[in-house]
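J.: Listed below, chain by chain, are the residues.
Protein chains: 2
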Amino acid sequence: MRAPIKDFYAVIPAGGIGSRLWPLSRADAPKFLHDLTGSGQSLLRDTWDRLAPLTGPDRIAVVTGRAHRAAVEQQLPGIADKNVILESEPRESAAAIGLAAAILHRRDPDVIIGSFSADHVIRGTRVFEFAVRDAVEVARQGYIVTIGITPTEPAVGFGYIKQGGELVVEGAREAALVERFVEKPDLATAKSYIADRTYLWNAGMFIARADVLLAELALHQPALHAGLIELAEAWDDRDRRGPVVDRIWPGLPKIAIDYAIAEPAAERGRLAVVPGHFDWDDVGDFASLTKLILNGRKNDLAVLGPSARVLSDAATGILVSQTSRVISLVGVKDIVVVDTPDALLVTTIEHAQRVKGVVESLKLTGRGDVL
Amino acid sequence: MRAPIKDFYAVIPAGGIGSRLWPLSRADAPKFLHDLTGSGQSLLRDTWDRLAPLTGPDRIAVVTGRAHRAAVEQQLPGIADKNVILESEPRESAAAIGLAAAILHRRDPDVIIGSFSADHVIRGTRVFEFAVRDAVEVARQGYIVTIGITPTEPAVGFGYIKQGGELVVEGAREAALVERFVEKPDLATAKSYIADRTYLWNAGMFIARADVLLAELALHQPALHAGLIELAEAWDDRDRRGPVVDRIWPGLPKIAIDYAIAEPAAERGRLAVVPGHFDWDDVGDFASLTKLILNGRKNDLAVLGPSARVLSDAATGILVSQTSRVISLVGVKDIVVVDTPDALLVTTIEHAQRVKGVVESLKLTGRGDVL
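So the protein sequences, as listed, match chains L and H. Residue numbers 1 to 371, in UniProt numbering, belong to the letters of the first sequence in order. Residue numbers 1 to 371, in UniProt numbering, belong to the letters of the second sequence in order.
Straight line, CA to CA, 25 Å or less: simulated PhoX-like cross-link-like pairs of lysine-lysine:
1) L:Lys254 / L:Lys356
2) L:Lys333 / H:Lys333
3) L:Lys333 / H:Lys291
4) H:Lys162 / H:Lys184
5) H:Lys298 / L:Lys333
6) L:Lys356 / H:Lys333
7) H:Lys333 / L:Lys298
8) L:Lys6 / L:Lys82
9) H:Lys356 / L:Lys333
Per the computed footprint, the stretches of chain H lying under chain L, defined by three or more beta-carbons under 8 Å from a beta-carbon of chain L, are:
10) 300 to 313
11) 325 to 336
12) 355 to 362
Incomplete in silico selection of chain L near chain H, CB under 7 Å:
13) Ser328
14) Gly331
15) Asp339
16) Leu344
17) Leu345
18) Thr347
19) His351
By construction, these hints were calculated from the structure, which means they are not laboratory data. It should be emphasised that the depicted structure is a prediction, and the values quoted were computed from it without experimental measurement. Built from N, CA and C at the ideal position, the CB exists for glycine as well.
Make the full structure from the sequences, and use the hints.
T.: Here's what the structure looks like:
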């Protein structure tokens, strides 16, 4: 095992609820706190365990909401106080990652940071490590680097990255400039991307020197940059942090890091991509969760829930059981059943994307108690 | 409103669990204790209310298991002690109805009894009353009389009665001899029955003089008859009943009244049928329950459960909610979802008949706690 990268720091934004996984994921039990892989621990902990060999356990920061502080500390007993960066309210990924970058840059001006979602699933940890180490070498040269996943199928649920000219960087096996980002395509377009072989899945992983990231932010989002710098200056002063957060954080622009930094940096030729040859999934909805659990098995029922009492007769799809109830599924195909103490969802794999709409409807109809 | 029929006594066998309606119906909450029609009261109480104008409230006996005594008395606060006939264990319908006949015959040798299931649904109470009054007049002539329902569709879930020669009886508008009983047909046969117009649905209603019924029983099931007579002799003697029940009841033959009396009596030309022109359903499974609740509406979701918190998006079929959970059904067609505190069933209308198999499997796999 190689030693950790000494100037590298990981940032884990742990913010999203994962609405399309309702009622499993919800405000007080967001997706990153669940064990969706059967690993026996949460996705957040899986993420931590994947990163610790690259950074060492003292150099992983988590950016999360105040409400999740206790859960995060319980999941990550080794985490230092200074590495828990609490948001007073959600302000999207550019603010979350930008705040971490600004704080870490103030503590160590030469730091290289890497941002990795708290709720994605990766299989092939060694290959992941290779990709991150390569990305760090490219980042060292002043690029913002993303790891793009080599696609295994024409997925329509992910954005894609079009690779441009090759970059030759010492210590990195493969790297290229990013020609452009493309939004989720339709199936025909996705198929053409696969055939083309220069497209990778956008997995939302960004590795960069903190000073480079902040400079890009200053260029494209000056107001956000100014606010984050002011926050970072006060952050490590116990007396000053609170008032500055209260004054600045609620007014910061809400924007995803893809739009705030990655796309404009790509246009300027400042964005590089390192291909990641590992299995990756954002497990965005019950269709992808089913695929993940069945792992290639066809016509079977995926069951998530350690104490599930299931009687299944010719049923396929997914059953998530969070209660001790006996659940009988008879003759239902591609079904999605999510059984929790206060809410039950029944839909089909085909309609998995519509679950987000359910959450909106529940909000609008005064049933937010189960969100 | 006409006066009750003075020599008529109704018997309501309240025994069946209704396994194909699991987990709604179960051992400690059998079908007859549920409100399946939205009437606001149980099927048992509906049955009582339908019969009371024909018999008066003092002349309705219920034959049920010891476990259901409290529930029955709670549903029927007007019922006299002597009218609650308790079985120590289930022994099928010939024993249940035969015991009531023997007891009532001993109390009043000239009584005419009518047996009506506790868990069927009837709409058109006045037409029902006409049919029963006609049947009583035919029974007075010494026939065992069944009320056969005029079919509204080629149902494959019911048995049929083939009408034979017309019977002319004073006071009865329509009556015929029963030519034969036929078991549940396939669809083609059922269609031919409808076209034929001489077939009626077997609704399991029997009206007869108690002495006639007992005489038929003596002829075809002498052991059962002898046991029931001995039970009836001891029944109204508090000291003697217990020991006699313990000695005789467990050894009585288990046989349905259709096979014990109706079919052999039909062969001997002793069985008459009066057509019933009312809506009737035995609500045997979730498919028929759905039809009953939707009452002709197509592509809709039937919801049973007074406090159901449902969010349905393009769902059809049936939802039974016995909890306070929020239930969201998205894009599922002809679905059956039955949500109870300790068990959940998800199947489809098409597979409704297979629910009985679920109950068997649960028994065999040690999960009888939810039956």
